[in-house]
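From first to last, the protein sequence lines stand for chains E and P. Take the first sequence: its position 106, counted from the start at 1, is 106 in our numbering, and no numbers get skipped. Position in the second sequence counted from 1, then plus 1000, gives you our numbering.
It is possible that some hints are incorrect.
Label-pair restraints from in silico Cβ distances [said to hold, decoys possible]:
#, chain 1, residue 1, chain 2, residue 2, range
1, P, D1116, E, R158, 38 to 44 Å
2, E, A75, P, T1594, 28 to 34 Å
3, P, A1100, E, E97, 53 to 59 Å
4, P, G1503, E, K73, 17 to 23 Å
5, E, E174, P, R1311, 24 to 30 Å
6, E, A175, P, Q1366, 20 to 26 Å
Honestly, the hints are just simulated from the structure, not real lab data. Just so you know, even glycine gets a beta-carbon here, dropped at the ideal spot from N, CA and C.
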Amino acid sequence: MDPFATLGLPRQFDVDLASVEKTHRELSRALHPDKYAGAGASERRDSLERAVAVNEAFRIVRDPVRRAEALFKLAGVPVGENVEPKSDPSFLMEMLEQREALAEARDARDLAKLRALVAEVEARARATQEELGRGFLGASPEALSELVKKLGNLRFFRRFLEEASALEESLLDEATK
Amino acid sequence: MLFEIFDPKAAPRPIGIDLGTTNSLVAYVKNDKPIAIANCDGEILVPSAVHYGDKETVVGTRAMTLAVEHPRETIVSVKRYMGRGADDPETRRLGPYEFATPKPGEPNVVRFKVADRQLTPVEVSADILRELKARAEEELGRVGGAVITVPAYFDDAQRQATKDAGKLAGIEVLRLLNEPTAAALAYGLDKKQNGHFVVYDLGGGTFDVTVLLLEDGVFQVKSTGGDSALGGDDMDRALANEILLELGWMLPEHAKPKSLTPSPKLTPGVVRLVLDEARRIKHALTLAPEVKAGIPLPGGGEREITVTRRRFDELIVPLLERTATACRRALKDAGLTAEQLDGVILVGGSTRVPAVRTYVEKLFKQPPLADIDPDEVVALGAAVQADLLAGSGPKDEVLLLDVIPLSLGIEVGGGVVDKILPRNTTIPTAARATYTTQQDRQTGFEIHVVQGERELVADCRSLARFTLKGIPPMPAGLAKLEVTFRVDADGLLSVHAKEVMTGLEQTVAVKPSYGLDDETVEKMLLDALDHGETDLLARRLAEGRVEAQRILLATRKALESDAALLEEGERERIDRAMEALEKACSGSEPAKITRGIDGVDVATKEFAGRRMNQAIARAISGKRLDDLSKQVEKAKGVEAHVEDHARG
Chain E
1 MDPFATLGLP
11 RQFDVDLASV
21 EKTHRELSRA
31 LHPDKYAGAG
41 ASERRDSLER
51 AVAVNEAFRI
61 VRDPVRRAEA
71 LFKLAGVPVG
81 ENVEPKSDPS
91 FLMEMLEQRE
101 ALAEARDARD
111 LAKLRALVAE
121 VEARARATQE
131 ELGRGFLGAS
141 PEALSELVKK
151 LGNLRFFRRF
161 LEEASALEES
171 LLDEATK
Chain P
1001 MLFEIFDPKA
1011 APRPIGIDLG
1021 TTNSLVAYVK
1031 NDKPIAIANC
1041 DGEILVPSAV
1051 HYGDKETVVG
1061 TRAMTLAVEH
1071 PRETIVSVKR
1081 YMGRGADDPE
1091 TRRLGPYEFA
1101 TPKPGEPNVV
1111 RFKVADRQLT
1121 PVEVSADILR
1131 ELKARAEEEL
1141 GRVGGAVITV
1151 PAYFDDAQRQ
1161 ATKDAGKLAG
1171 IEVLRLLNEP
1181 TAAALAYGLD
1191 KKQNGHFVVY
1201 DLGGGTFDVT
1211 VLLLEDGVFQ
1221 VKSTGGDSAL
1231 GGDDMDRALA
1241 NEILLELGWM
1251 LPEHAKPKSL
1261 TPSPKLTPGV
1271 VRLVLDEARR
1281 IKHALTLAPE
1291 VKAGIPLPGG
1301 GEREITVTRR
1311 RFDELIVPLL
1321 ERTATACRRA
1331 LKDAGLTAEQ
1341 LDGVILVGGS
1351 TRVPAVRTYV
1361 EKLFKQPPLA
1371 DIDPDEVVAL
1381 GAAVQADLLA
1391 GSGPKDEVLL
1401 LDVIPLSLGI
1411 EVGGGVVDKI
1421 LPRNTTIPTA
1431 ARATYTTQQD
1441 RQTGFEIHVV
1451 QGERELVADC
1461 RSLARFTLKG
1471 IPPMPAGLAK
1481 LEVTFRVDAD
1491 GLLSVHAKEV
1501 MTGLEQTVAV
1511 KPSYGLDDET
1521 VEKMLLDALD
1531 HGETDLLARR
1541 LAEGRVEAQR
1551 ILLATRKALE
1561 SDAALLEEGE
1571 RERIDRAMEA
1581 LEKACSGSEP
1591 AKITRGIDGV
1601 DVATKEFAGR
1611 RMNQAIARAI
1621 SGKRLDDLSK
1631 QVEKAKGVEA
1641 HVEDHARG
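So here's chain E without its partners, still in its complex pose (with noise of 0.2 Å):
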């Protein structure tokens, strides 16, 4: 499947959400199934299988980490964290040494010092994207070879962020009472 093909969209990395997001609403305007609640059943099966193949792409094109897999399998490069190469040692220490302050702010309850390293790995995992936007653009399969070391750094980026986020509500909810 090409997610997107779907939403009509170039094969291209950098994406104006806010259009996407408006031909995601057309496009479900157009075949969800309570649109066609009172057809008969092989339209209905069909306007749900065109509405799911449609969400489906809109899940995997708005989120970057699953939009740069998407563009590495249609590329022909195996994309997974058993397949590709790993991260660079010292990416790895970096991001070592951002988990051992989130577990300070933690232990510390320090919503400020959380909210800089958030705002710190938010920045940089933006800068990835502008890499890897960069990077998609007419790039030899070696390049993508290279290239799909950014994706794991931005999982990393990501799971971080995720884990910052669940600590910052356990922290708001102490806060409040």
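Given chain E's structure and the hints, the job is docking chain P onto it.
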């Protein structure tokens, strides 16, 4: 109006049902406006209480009055037990019921012990739904399918249980609709305003918060959160505990270990009575700053107690704080701050409590909207959606895009959850993940489906377990297992597993862990039919005719709007199939109607495909039909004609 009630040919009308924890109600659309249906006494709300007497089953207000004398034979707030396991914490909370432990081999569901019977929440809910359906039939003659609302935060098991209850009550469930989305639909159509809205829905037993974007008739849910065991009941319990403490009937679960034991006076009847009294006091405190109440003592006499609004507000603070956690997360998931919201909508009877309103206003930094009755708004929205689904609504522009409330995943090594579909994914949807065998010559693969946000399986809700068997022995890591999750527009999950090397496949509708399997529901249905409901043939015939009429209507609409897409001879083939179906409908054989429906299906299949392709092309190119409203007018004309004709 008698002729309308008994006219067997009257067009069936779609209805919207709010199956609430405390109250339920039914609504329908009349002249483009949703209205709630009242009984002959003018009462709109049906208390969600069912009394099981020796001879009869009583639902609603009368059941409520029987509850004090027959606390164990009268089930109230059954919604709190829907889709829950027999050992769920909910069964251990303050309440008058006795529960049965499932025998080995029986589905692990809650069972109320009522006299010599055992009843599941699905059966009790079905009795409430039957009452609502009967009420609608009294008003409308015939009912043609229903949209039933569920809390947005209901998990898969709770949704499935609700759908089963509908089925058991003999209702064609057109759609399960999330309550906050239903409320937004009722408001949105009223206000005709675009923007981001929050729906804060605090009902009798459930809390939901939903963030939606309303844009040109599309109600897109951005995020949802909540707690499916938090509501007005918990306020009543908190207050009841306080009262029991004052009366010296302290409860064991709230007692300090050594100082208190459950008083022998604390019978199920007393618990029911104090809970009811607590609710009355809560209601009275909405207007009065202080309420005095007399608690009848079991041995006779009364004890007067006084509750101030201030004390009550203090008691419910912990409950409000739990709602705040969900609200903050929902806002964050939607990528919004309180300042960016265009409106806050209050839903659910518990939002009448002044402290709740103040709290919501502070939380979202703006005064909330509550101009539609918070008890009725969900049912009104459901009626609008039912009307849209039945194709009779004029608002072709309107569409609801909902999400799954909780992440869906499967268990991988070490009791960890691999999330396959994250929460707030727009439905219907699907996702795949591939796994491999861990051991050499492994011939089976156990799949454990869970729902929840936590990383460990033990902290999530277990939805189902099944094993893909018969994988030929291979070295570890060679077998490739592809697991596909599909969530339909009702928010219900089915899981499909396939071993890629051998092509071995298995599909399960996710039910078993905490649900009733299809066989059990089917058996219950047949039992219900034995108990004097209309016979099966008549029911099939009626259902077949309803479906046939709907398909004929949809086909006529399609032929009218997209005649240009027809190929040579196609129109004639379709017309012939439609005529055959019409003829089958005037007969009395359900099988012939089914064949007629299949005939139309085959004749229109390719035409339908071309229409969908055209719709996709238009959507992608960003073009919209400018003459849409004109077409809708025309289509409405057809429908009106059909109805007039049918009514004779």
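Tested hints:
1. P:D1116 with E:R158: 38 to 44 Å: violated (57 Å)
2. E:A75 with P:T1594: 28 to 34 Å: Since A75 of chain E and T1594 of chain P have Cβ atoms about 49 Å apart, the given range 28 to 34 Å is violated.
3. P:A1100 with E:E97: 53 to 59 Å: Since A1100 of chain P and E97 of chain E have Cβ atoms about 56 Å apart, the given range 53 to 59 Å holds.
4. P:G1503 with E:K73: 17 to 23 Å: Once the Cβ atoms are compared, 22 Å apart, the range 17 to 23 Å for K73 of chain E and G1503 of chain P holds.
5. E:E174 with P:R1311: 24 to 30 Å: At 26 Å between Cβs, range holds.
6. E:A175 with P:Q1366: 20 to 26 Å: holds (22 Å)
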